[in-house]
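Work out the full structure, taking the sequences as your base and the hints as a guide.
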Amino acid sequence: MCDQTFMAATFGPCDSCGKASPLMNIYIKSEAINYCSFCVEMMACQQLQKGETLQSLKKESDSLKKKLEEERGKLNDVELHQVAEKVEVLSSLSIKTRRVLKGHGNKVLCVDWCKDKRRLVSSSQDGKAIVWDAFTLNKEHGVTLPCTWVMACAYAPSGCAVACGGLDNKCSVVPLSLDKNENLAAKKKSVAMHTNYVSGCTFTNSDMQLLTSSGDGTCALWDVESGQLLQSFHGHTADVLSLDLAPSETGNTFVSGGCDMKANVWDMRSGQNIQSFESHESDINCVRYYPSGDAFASASDDATCRFYDLRADREVAVYQKDSVIFGASSVDFSLSGRLLFAGYNDYTINVWDVLKGTRVSILFGHENRVSRVRVSPDGTALCSASWDNTLRIWA
Amino acid sequence: MARDMSDKEILKMELDQLKKEVNTPRSAVSKNCADTIAFVEGLMPNDPLIKGVPDDKNPYKGDKGGCTIT
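Respectively, the protein sequence lines represent chains Y and E. FYI, in UniProt numbering the residues of the first sequence are 1 to 395. FYI, in UniProt numbering the residues of the second sequence are 1 to 70.
Hints are computed from structural coordinates only; laboratory data are not their basis. Heads up, none of these hints are tricks.
Stretch by stretch, here's where chain E covers chain Y in the computed footprint (C-beta under 8 Å, at least three residues): (1) 67 to 77; (2) 287 to 294; (3) 309 to 315; (4) 336 to 343.
Glycine included, every Cβ here is placed at the ideal spot set by N, Cα and C.
Here's what the structure looks like:
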């Protein structure tokens, strides 16, 4: 008769996975560890420190998250709309469509104003980027790009170039020439190279640097002349859908939001993630800094827009209504920061009172989803881009 | 890139980030909200979308006359 015998000194629950099995008594740095043989192998192969497993990391992460919530909660002594009770209620706004820009052959995905307050660049699913004069409705330039779904476009601060990118995984800078006969696409220069689609781009304070966000989960800062990667920002665990630069002249931070439901604030020089906010319940489609630079707003597929204060390090307002059930795709503030314009997938733009948290007005007019809303640099007009192939100027 | 990282690496990255964040300096919400409100009230009188701009100054409103056809 052969009895099978194990070389096991003890049998019991494993210190690591908790399952009852024959344990291997090993000593690490003179400490007795009782792990089952499977866990010992896992430990050796994955080079985890003693006691580190997916569960323990998750537990530590959850407890730190709770501690962070507590620390933030200590300073949450009042709500924004409570402090704002003394503020005068807004009188009704007289904002109407003043211009409809037609010309794109397919969904308009992005729009950006020029610093001269009258020109705009818009990009579309048809692969074209068009530069318009908003006062006269004149189309000044048109660039055809080799890919469809140009999801991001930006005007250079000097007004002499535009950047656009999308499904081609690149962001290209096109210098705008006054010569009508010149083929702009020939002068196009690829600056940013990502491993997935480019979802957002913006110039920094000069024409020389470009900041991009991508579906590969990273943001990156590029030198336009050489195309060199100056800094990359890792920290999101899913596609990054939007980014916005802090408004001040000396500012060197930006905020990004993505499909991991997090909004992160980054330091551009060090590449560090300074603050992180996770209170949305679905993808964050758009983030936008407040005019003062001390706060930002985000729009999400969970049909809410939220307002976060950076010095208090927490969310201070949520803009939602039971009747608003479609995701918000884009947000922007009016010049004073009193109004928040948010474009939704139910074809409307809701205007929220930032301080009181109430909806002031609804702007109807588009015949398909609103993909982007942008207030002009001097605050006189709002431009909205939509999947109905048009852009509307509201004033 | 996030999609190339294993779950363990992602958790480690999140953990490191949280450890840094717990020590961030924070100030009270009431003070910051008061600052925000002061900022807005200072700029609101000049906000064209709230106050409105007289038709003759607004480049978007009104027709600058029609065109005459002769």
